[in-house]
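Construct all of the structure, not just a fragment, from the sequences and the given hints.
Quick note: the sequence shown uses our numbering, first residue 327, plus one each step.
Among the hints, erroneous ones may be present.
[Stated by the list, open to error] In silico SDA-like pairs for lysine to any residue, Cα to Cα no more than 25 Å straight-line:
no.: 1; residue 1: Lys334; residue 2: Met355
no.: 2; residue 1: Lys327; residue 2: Asp338
no.: 3; residue 1: Lys335; residue 2: Asp349
no.: 4; residue 1: Lys334; residue 2: Ser345
no.: 5; residue 1: Lys337; residue 2: Thr356
[To be verified] With beta-carbon atoms standing in for the labels, derived distance ranges:
no.: 6; residue 1: Ala332; residue 2: Met355; range: 30 to 38 Å
no.: 7; residue 1: Met355; residue 2: Lys327; range: 24 to 32 Å
no.: 8; residue 1: Thr356; residue 2: Lys335; range: 28 to 36 Å
no.: 9; residue 1: Asp328; residue 2: Asp357; range: 27 to 35 Å
no.: 10; residue 1: Leu358; residue 2: Asp328; range: 43 to 51 Å
No wet-lab data here; the hints were simulated from the structure. Every residue, glycine too, gets a C-beta built ideally from N, C-alpha and C.
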Amino acid sequence: KDRQDADKKIKDVRKQYHSKKNDIYCGLMTDLG
327 KDRQDADKKI KDVRKQYHSK KNDIYCGLMT DLG
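Below, the structure is given as structure tokens:
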């Protein structure tokens with residue numbers, strides 16, 4: 327069970343990281359565009 331929780335936590339962190347990266351990317355594109 328601990329392993330599943332760890333996997334879920336990693337997935338959540340990854341999702342947050344990716345959405346944050348997308349926000350930054352969109353912000354850059356808006357600034358340039």
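These are the hints, each one checked on the structure:
Between Lys334 and Met355 the alpha-carbon distance is near 31 Å, which puts this suggested pair outside the 25 Å criterion. Taking the CA atoms of Lys327 and Asp338, the gap is about 17 Å. The hint holds against a cut of 25 Å. For the proposed pair Lys335 and Asp349, the alpha carbon gap of about 21 Å is at most 25 Å, so the pair holds. Distance restraint check for Lys334 and Ser345: the Cα-Cα separation of roughly 16 Å lies within the 25 Å cut-off, and the hinted pair is therefore satisfied.
Proximity of Lys337 to Thr356 is assessed by CA-CA distance (about 28 Å); at most 25 Å being required, the pair is judged violated. Against the hinted window of 30 to 38 Å, the Cβ-Cβ separation of Ala332 and Met355 comes to about 35 Å, which satisfies the hint. For Met355 and Lys327, the Cβ-Cβ distance of about 42 Å falls outside the hinted range of 24 to 32 Å, so the restraint is violated. Between Thr356 and Lys335 the C-beta distance comes to about 32 Å, which sits within the given range of 28 to 36 Å.
Between Asp328 and Asp357 the CB atoms are about 43 Å apart, so this pair departs from the stated range of 27 to 35 Å. Evaluation of the 43 to 51 Å hint for Leu358 and Asp328 yields a pass: the beta carbon distance comes to about 45 Å.
This entry does not satisfy hints 1, 5, 7 and 9, going by the numbered hints stated previously.
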